[in-house]
Amino acid sequence: MLSVQQLKKQFTTLIAVDGVSFDVPGGSIFGLIGPNGAGKTTTIRMILRILEPDSGTVTYDGAGFTEATRNNLGYLPEERGLYKKSRLIDTLLYLAELRGMARAKARSEATRWLQRLGLGDSLQRRTDELSKGNQQKVQFIGAVLHNPGIVILDEPFSGLDPVNQNVFKDILLELKQQGKAIIFSTHQMDQAERLSDSLCLINKGRAVLSGTVRDVKKRYGKNSLHIEFDGDGGILNTVTGVHNVLLYEHEAELELDAQVTPRDIIAQINPRLDLRKVELREPSLHSIFIQTVGAPDAGSAEKEGQA
Amino acid sequence: MSKILAVARWEYMEKVKSKIFLIGLLVTPLIMVGMGVLPTLFVSQQDERSKIIGVIDPSGRVAGPFAERMQNRYTLKNHQPNYVVIPLSSGTGTDVEEAVQDANARVAHDQIDGYVVLGPDGRDSIVEYRSKVIGDFAIAARIEENLKAVLAEQRVVSLGLDPSILQQLVVKLDVRMTKLSQKGEKEEAGFERVFLSAYVFLMMLFLLIVTSGQMLVRSVIEEKANRIVEVLVSSCSPTELMAGKVLGLSGLGLTQMGFWSLIGVAASLQFGMNLIDLSQALLLVVYFILGYLFYAAIFIAAGSPLNTEQEAQQITSYLVLLLILPIVLALPAMKDPGATWIKVLTFIPFLTPTMMALRIPIQMPALWEILLTVVIMLFSIWGGMVAAGRIFRIGILMTGKSPKIKEILRWIKNG
Chain A
1 MLSVQQLKKQ FTTLIAVDGV SFDVPGGSIF GLIGPNGAGK TTTIRMILRI
51 LEPDSGTVTY DGAGFTEATR NNLGYLPEER GLYKKSRLID TLLYLAELRG
101 MARAKARSEA TRWLQRLGLG DSLQRRTDEL SKGNQQKVQF IGAVLHNPGI
151 VILDEPFSGL DPVNQNVFKD ILLELKQQGK AIIFSTHQMD QAERLSDSLC
201 LINKGRAVLS GTVRDVKKRY GKNSLHIEFD GDGGILNTVT GVHNVLLYEH
251 EAELELDAQV TPRDIIAQIN PRLDLRKVEL REPSLHSIFI QTVGAPDAGS
301 AEKEGQA
Chain W
1 MSKILAVARW EYMEKVKSKI FLIGLLVTPL IMVGMGVLPT LFVSQQDERS
51 KIIGVIDPSG RVAGPFAERM QNRYTLKNHQ PNYVVIPLSS GTGTDVEEAV
101 QDANARVAHD QIDGYVVLGP DGRDSIVEYR SKVIGDFAIA ARIEENLKAV
151 LAEQRVVSLG LDPSILQQLV VKLDVRMTKL SQKGEKEEAG FERVFLSAYV
201 FLMMLFLLIV TSGQMLVRSV IEEKANRIVE VLVSSCSPTE LMAGKVLGLS
251 GLGLTQMGFW SLIGVAASLQ FGMNLIDLSQ ALLLVVYFIL GYLFYAAIFI
301 AAGSPLNTEQ EAQQITSYLV LLLILPIVLA LPAMKDPGAT WIKVLTFIPF
351 LTPTMMALRI PIQMPALWEI LLTVVIMLFS IWGGMVAAGR IFRIGILMTG
401 KSPKIKEILR WIKNG
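First to last, the protein sequences are chains A and W.
For the record, in the first sequence the residue sitting at position 270 is 270 according to this note's numbering, with numbers rising by one throughout.
For the record, in the second sequence the residue sitting at position 355 is 355 according to this note's numbering, with numbers rising by one throughout.
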């Protein structure tokens, strides 16, 4: 169980994190979502004690940060990289040893993980001989090799092809089964929606939404009209009685204003588009995200984590 | 502690396996030997062919005996005479100006290598040797020696004395430099040997600090660039990380030094050369280690806020200037190792190790100087490491623009 209470961090002029709180119980996956520069990475760095918070506390299984805590943490940073000229097995042994794992144990675990992720024959290869995706696998192994109780993954899915995204997703679910507390940050709302048990949406350093995925969605009510259609979807932007439109090629999600019924909307669009499917349901996380923070990149343009 | 060792082991193993280290290990002694030995080899190299020297002698009395002496005394390896001396014009009627022009033309056409112009009366005067090549010190010395002999002999004869009396008059002297030890005992140390050992130790210390300093900076910059540093400082404290790096690279430096010492010992056994005695060697090792640690702190402090190799190279070149200063001072220090300014420089921590590497083989510094400098170094290392640690802790997480000096000073102050 990881508990974050009222974390605050200010860099010279910018308040990067402003009173963020959340709990991550063991055996659950927690999604940290938010636009670029919202304060996700800064929050993660404070949990890892890479940065000291200005105020607020983080407790790990009810206790403060100790040397033992370090060994119970696993971390995959957002920006990827490994020692280019070093062998995979050496790199992994080093990372595990730094987390307090004995070398012999680390060796057998590293071998097992590499085999599982299809790199069993690459133990003695150098990092720069691997593809980007495979390097990311090695880094991921580095984060979980020492069997930590708390696993923190910053954008674990970025840069992965769908097959590997699936492999990572399965591993995350497996780690959850093992009772680990898992935090991952992401831009991909569909990932967050499918994987997280609970989540926190951070914008401009503040937690603007938090709770279980179901609670968050319930708060927005069943006033989201999902349609599938043929024809020029552009006209959907002119529909009245709608406060948000998410438009795809043959699909759209319309957030209805209060007092507006689906019938009013359908009456407007039916003459101009061939509707194939209409459904009233909870808004997607993606839609909630955009309604809450505006366009995905509307947050502070400043890069996260820079002093 | 176990994490410090893990970092140290990693830094050591990864660097010791790298090609750069291996090349530095093997090539550095070669460069040092080359720089030390080759110039002297070239200077004392014998001529390969006979040199033709013209003589313009207005007196008409000197050219003949001078030519005879020069041709008979020096021979090449192939038993040809080293110098062939031809009188260009001699006798009282000589028009020196005309003769010089004629001789210049001959030099220009490579008919002669050079020519000597003697004074009008063959007595004490300035003698000129003119040639395209004037760097040949041996020829100048030989011309002087033989002309002196000829002139002296003629003067003895003109005084009505027997020329053989000259042999008895000439005093032969050879001033030998002999180094005395601290206790006033004679030491078998020639100028070359002292100079060579001072020079070799200085260069060794210099190269050791620069190469491992660069490795230290490069490893920090690589970890910053690939963001592994975030994983590292969430695994162990920045202090542990820094200590591990210093320890690992010190091990690397000791490996290098050990290897070079083996080569040195082997070389001195082979050539019967005894470069240095044991007590001096041990003291030098102490200063090596102190200097190494002190500069490690400086390299960490200078390197951890940086983000690119280019910036690192710039900083390194400034530090190199600081380190190379005592090499420039080598000659004056050898001439007068007791000079006050040499002593004062020894107490500046940046210079202490290299100045000591220079001074110890020349003249053992007084005990109080040794004790005081060691204490100063220990304090400097301690202060340097604390400051470096404060910079390191913040610097390694900085990306983008490198901070200003003022900002770095604030990090040190705020701890």
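Check each hint, because a few of them may be wrong.
As a list, the in silico BS3-like pairs of lysine-lysine whose alpha-carbon atoms are at most 25 angstroms apart [to be verified]:
1. W/15 to A/84
2. A/85 to W/19
3. W/413 to A/8
4. A/84 to W/413
5. A/217 to A/204
6. W/15 to A/85
7. W/17 to A/84
8. A/85 to W/17
9. W/413 to A/204
Derived coverage of chain W by chain A (criterion: at least 3 residues anywhere in the stretch with Cβ under 8 angstroms from a Cβ of chain A; other residues may be distant) [to be verified]:
10. 59-68
11. 221-227
12. 349-360
Residues from chain A that keep clear of chain W, each with C-beta distances beyond 12 angstroms, as calculated [stated by the list, open to error]:
13. 3
14. 78
15. 81
16. 91
17. 217
Keep in mind that the hints were calculated from the coordinates and are not lab data.
Ideal Cβ positions, reconstructed from N, Cα and C, are used throughout, including at glycine.
Verification of the hints:
1. At roughly 13 angstroms between alpha-carbon atoms, residue 15 of chain W and residue 84 of chain A fall within 25 angstroms of each other, so this suggested pair holds.
2. For the proposed pair residue 85 of chain A and residue 19 of chain W, the alpha carbon gap of about 11 angstroms is at most 25 angstroms, so the pair holds.
3. The hinted pair formed by residue 413 of chain W and residue 8 of chain A meets the criterion: a straight-line CA distance of about 24 angstroms does not exceed 25 angstroms.
4. As the CA atoms of residue 84 of chain A and residue 413 of chain W are separated by approximately 36 angstroms, the hinted pair breaks the 25 angstroms bound.
5. Straight-line distance between C-alpha atoms of residue 217 of chain A and residue 204 of chain A comes to about 21 angstroms, which keeps the hinted pair within the 25 angstroms bound.
6. Restraint check for residue 15 of chain W and residue 85 of chain A: satisfied, since their Cα atoms lie roughly 10 angstroms apart, inside the 25 angstroms limit.
7. This hinted pair checks out: residue 17 of chain W and residue 84 of chain A have alpha carbons roughly 14 angstroms apart, not beyond 25 angstroms.
8. About 10 angstroms separates the Cα atoms of residue 85 of chain A and residue 17 of chain W, which keeps this hinted pair within 25 angstroms; it holds.
9. Distance restraint check for residue 413 of chain W and residue 204 of chain A: the Cα-Cα separation of roughly 31 angstroms exceeds the 25 angstroms cut-off, and the hinted pair is therefore not satisfied.
10. Under a criterion of three residues with beta carbons nearer than 8 angstroms to beta carbons of chain A, the stated coverage of the stretch 59-68 of chain W fails, only 0 such residues being counted.
11. Restraint check on the stretch 221-227 of chain W versus chain A: 4 residues with Cβ-Cβ distances below 8 angstroms, three needed, restraint holds.
12. Beta-carbon proximity to chain A at under 8 angstroms applies to 0 residues in the stretch 349-360 of chain W; the threshold of 3 is not reached and the given coverage is violated.
13. The Cβ of residue 3 of chain A lies farther than 12 angstroms from every Cβ of chain W, with a closest approach of about 18 angstroms, so its non-interface assignment holds.
14. Not every Cβ of chain W is farther than 12 angstroms from the Cβ of residue 78 of chain A; the closest lies at roughly 8 angstroms, contradicting the non-interface assignment.
15. Residue placement check: residue 81 of chain A does not keep its beta carbon more than 12 angstroms from all beta carbons of chain W (closest about 2 angstroms).
16. With a closest Cβ-Cβ approach of about 9 angstroms to chain W, residue 91 of chain A is found to fall inside the 12 angstroms limit, against its non-interface label.
17. The Cβ of residue 217 of chain A sits about 33 angstroms from the closest Cβ of chain W, beyond the 12 angstroms cut-off, so the non-interface label holds.
Checked against the numbered hints given earlier, this structure breaks hints 4, 9, 10, 12, 14, 15, 16; the rest are met.
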